[in-house]
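Based on the sequences and whatever the hints tell you, model everything.
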Amino acid sequence: MDFRRPLAALLLSLATVSTAWAESPIRIGWLSSLTGALSSAAVAENQGVQFAVEEINQAGGIGGRKIELVTYDTQGDPTKAVNFAQRLAFVDKVHFVIGPVNSGESLATVPIVAKAGIPNIIIGTIDELVDPKRFPRAFRAINTNRQWITSANDYALKTLKKSKIAIIGDTSGYGTSSAKTAAELLEKAGVKPVFSTLVDPNKTDLTDELAKAKAAGADVVMPWSAATGLLARLLNARGDMGWKVSIVGHPALMAPAIRKLLNKPEYWTDAYAAGYVSMTAGADGKLPAATKSLVDRMRPKLGGAEIDFMFWWVALGYDTVHIVEHAVKKAGGTDPAAIQKALETTSDLKGVYADYTWTPQDRNGFPDVGVVMNLADSFKDGTYRAPKAP
Amino acid sequence: MLGVLITGLAIGALYAATALAYNVMYSTSKVLSVTTGHLAMLGGVFGAWFVTELGWHPVPALFASLAVGAFAGWLTDVIAIRRVLARSDEHLWLLSTLALATIVQQGVALWWGTEPKPFPRLLPQDFTAGLADQKYWLPIGTTIVMAAALELFYRRTLYGKLFVAMSEDAFAARARGVETDRLRAISYGIAGALGALAGFAAGQLTFAFFAVGLTLTLNGFIALAVGGLGSNVGALVGGAALGLLNAFSANLIGGEYQNTVSVGLLMIVLLLKPEGLFGSRRVRPV
Amino acid sequence: MSGTSLRPMAGSVAVLVALATLPWWAGDQYQIHLAALIAAWWILVAGLNLVVGFGGQLSIGHVGLLAIGAYAFAILAGRHDWSPWIALAASGGLGGVCGLLLGLPSLRLPGFYFAMATMAFALIVAELVLALGDLTGGGVGLSVPGFPEPFESPAGHYLLMLGIATIITWCAWNVARFPWGRALVAIRDNPVAAESVGVPVFRMKLAVFVASGVTAGLAGALFASLQSYITPDTFVFELGLFFFVCIIIGGRGSIAGPLAGTAILTALPELVAPLAKLGTLFYGLLLLAVVLLVPEGIGRLFQVILERLRPRETASPVLEPDAARLAAAIRRQERP
Amino acid sequence: MTALVADGVTKRFGGLTALAAVSLDVQPGEVHGLIGPNGSGKTTLLNMLCGYYPVDEGAVRIGEEDLSRASVQRRAAVGIARTFQKPRLLPTQTVLENAMLGGWRDTRTGFLAAALSMPRVRAEQRELRDRAQAVLEGLGLGYALKRRAQLLDHAESRFLEIGRALVLRPRFVLLDEPAGGLTGAEIERLGIVIRTLRDCGIGVLLVEHHTEFVFGICDRVTTLNLGRMIRHGTPHEVRHDPEVIRVYLGS
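Residue numbers (our numbering), protein chains in the order written: chain A, 42 to 431; chain B, 74 to 359; chain C, 3 to 338; chain D, 294 to 544.
What the hints contain is simulated information worked out from the structure, not anything from laboratory work.
Watch out, some of these pointers could steer you wrong.
[What the hints assert, rightly or not] Part of the chain B face toward chain A, derived, beta carbon under 8 Å:
no., residue
1, T80
2, K190
3, F282
4, T288
5, G327
6, E329
A virtual CB, placed ideally from N, CA and C, is assigned to each residue, including glycine.
Right under this line is the structure:
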């Protein structure tokens, strides 16, 4: 029944659009793959974006100007994403573009939005998406893929003190490039993976790959894939084999969807995924105040019960709108050049998901310290716990 | 290596079962339906839905899945075959079954979601059984039983004999008063049930996933073409060969070249023996 | 023909003039982009139409050839700094070569086998694009350069594509109306009869398949430079299905039908949001409806309606052979 | 004078011998009848002359040229044209276009020349159109040139198929049951057409069940039964042959 949520969201956004009455609203284009494969992140981010827009508009808008959100569902298709980017730039004439969600789509739309001179808040993790020279108005809010991988590598090497690493990527675009980056970064740290392979994301059984990793002497397995099915099968294969080996890798390892796919709940232990400081409960079991506050405010919207998806997506969506708010306030309007200036001199902008800093040379706003390793099986109410120091 | 062998055989069994379903439909209609793999997909998805979401016991869930598969098979005949076979254009059935397959796949994607979902444990067995695990042996066993049952069906039952007669000469069968339309509908129902059974048995291997259908349509077809169109022994051999080739190639050269390797096998067999390993050479029709 | 072809000709010219002036009357750049996208798809579909619509060979994997053209252009013009014009020609040439390599083994196969072979080809291309990451950029993809002035602006790029699409359309129309087109239709509708009059069935199928490879390669290059960035996510199997559906819905054995089909099916989901939600399901439903209700395609439907409207010939004249005229006709064409 | 010759041809399907060492020749300017009960191998022989079935033993020749291994297309190129038991037309094409298909082998231009509409292509097309139109008018189909073939009645379809065969500029025309389904008056007109072909020097092989028609029009008749030739001769000889009467004509 997943498709109802984006539909409701779309209707909601239409309603927002029609009730916006301010004379000169600030138009934000929102490219979101609300349906199609890999829609779960986009749907959650959309919750955050919608909520932020509502909050700001209820409080009177930004400097008296209401926000008008123009949402397009790209379905994860880069061709559609390009069409909609063109439409946002030339038909809807938006002041900002947020998205798209998937890296593949972003790679195609970012140059177009840049050419149109429109400020673009990037929420894809692939490194190539930002470039102060080619895309001077593209600012990234999310962490980079490199930040995830570096954290995971550090955790494996320094915290777990393991150095015989097996890398498993999937054959999708994201998986291949991440696995490659992971191997490069490891080699830079002086460690050569003992085993490295790419697996079809729909492959039914990973026992063989794990057996080979084991034979190669691996003492930690690092999967780089966003495919929850594949990761669940990896965990299952490890458990069924009875192999005691740590798994460290992509955030999807701790996706709540994995729980249902596991043969036994305990197969999820000894697995660590890159997560966020903002979404990690401290030793006292408490979330950071900003996160807690947003969770409480949004809970009624999300059905009132426990949150059953990763809350960081929501927080990221929520923050993107606030970055826009910050930029407009600081620039004193929506002039694109002024916005660029405002954002590239932004330092330590407080957000829920992270605190952002951009400079004229660096368009990656997410701080390295924002990433932290989480226990994969610690999911509760949308957030996580950090592993105890060994 | 034993592990590779058994995983290869298990996935090969699923390909072989799909090839058997192709054969059953082909016998009465001379049509290769694009929906064949999707029948197995429906068995997996509905099986998971009945057990996990509706909380049924696996046995009634199995029979309900078979019913869903049989219905889908029958629907294939009613919607995509019956009206089209009446016309002489031989391309139409390919188009109609392709359209139906797309509708089924995308419909399931909208309803069930595009993420793979878990398939329940069918027999009480600990997960640490290793290579003795049911997820390997259920599809292998099911496919062997399925092939044997089909053979008995063709040899011993009236309907089975009628299928054979119709596959040899549909016109002669009709001339002798066989209701070929009804027979074809029945064969499609049976093929649907067989496909669903295979999908159900292999559910723990594939998970309940909407995209399994197209993969099986292609790989089941490769198994069929390698083994020889119309031959059930060929379907088993072709399926096993393809499954093993897939497993060993993934083991030796990695997972990036799965399709390339499978299609390579198909091309080699078609070049050396166009009718497949166990197929019969057909006389050219004028 | 000569008398009746004047009207469609005038119509074509009018449409062409309207399209060529689009940048001056279009509401915005988005419409120009959409028109350019339609032109790119049509360049591929025009060639594929000869294979599917005329020759009756059901290829559902042309997206593989499109990807080859797109990547060839991106690599040659982008990474190796070839002139975009030479890279464009090379993309078309490579598409043709790959069409030859795919067609040689597969075009001898019966219908379903052929369809599966083309589908497998598309999957293999997708697989190789990811596996050969050093060449193709793997999952990250490649950025693609545009064309030099005056084709750099969106309007210029659109006009370039319109020009190429017009030439391709003219070529396809020529093939269709001359003996080649008839022979292809014969291969589709009655291969036995085609052979009986000496049509070299396999060679012709191969020739048009190679031609379709060339147009797919050209379309890939133009599409890639229009997108300005390509990733493997762009060239999904469903796109191959889309091209195929454009032809079947527009009508087999027609040029205008698939052209209209391509334009409508590209623009419709952009304009009607509920259709976009259904995505590929919509194409499936449309395909099924057309195959069951008007298997000759919607284009044929219009043709039949027009024929109905025309005054019926009253009672067929009697079939009365004229021995003298027949003998004269036979003697006249006697071989030397 | 070069004749189309089947020289002791044998065809087996699996264990079944469909034709056993059958010999037959069709002379230019001759109408040669081929009769026999159902399953006697008439159509098989015709298919072998056209190249649809390979010859297991024996040979097919025109004059000295051995065609036994030649493809269907090659045989069309040396002037063997045929019609089918059930007319095989292109339903969506016009009558004129169907007939023009017969002239395919005179097309000398390649794919590129056609795509670029070179003057030569257009000249060829014009010449072919005129020729096909003349043949159709001679056959009495001049009124239906622009009609789509699927709208033709049965007799018109049969005549159009003969027209297509004639546009191929054949030396030999093989007709597979051309009178099937025609009315008496139509058969008479078919007779006019066949005689005209003969008068123009074309050799006609006529496979037919309508014995009155065959005996009335043929110069020579060959009778097959169970894949063997049982009688060969003038219509008069064949008609009164006791064996032919026993197995086929009846008393």
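Hint check:
no., hint, verdict
1, T80, "holds (5 Å)"
2, K190, "holds (7 Å)"
3, F282, "holds (7 Å)"
4, T288, "holds (7 Å)"
5, G327, "holds (6 Å)"
6, E329, "holds (5 Å)"
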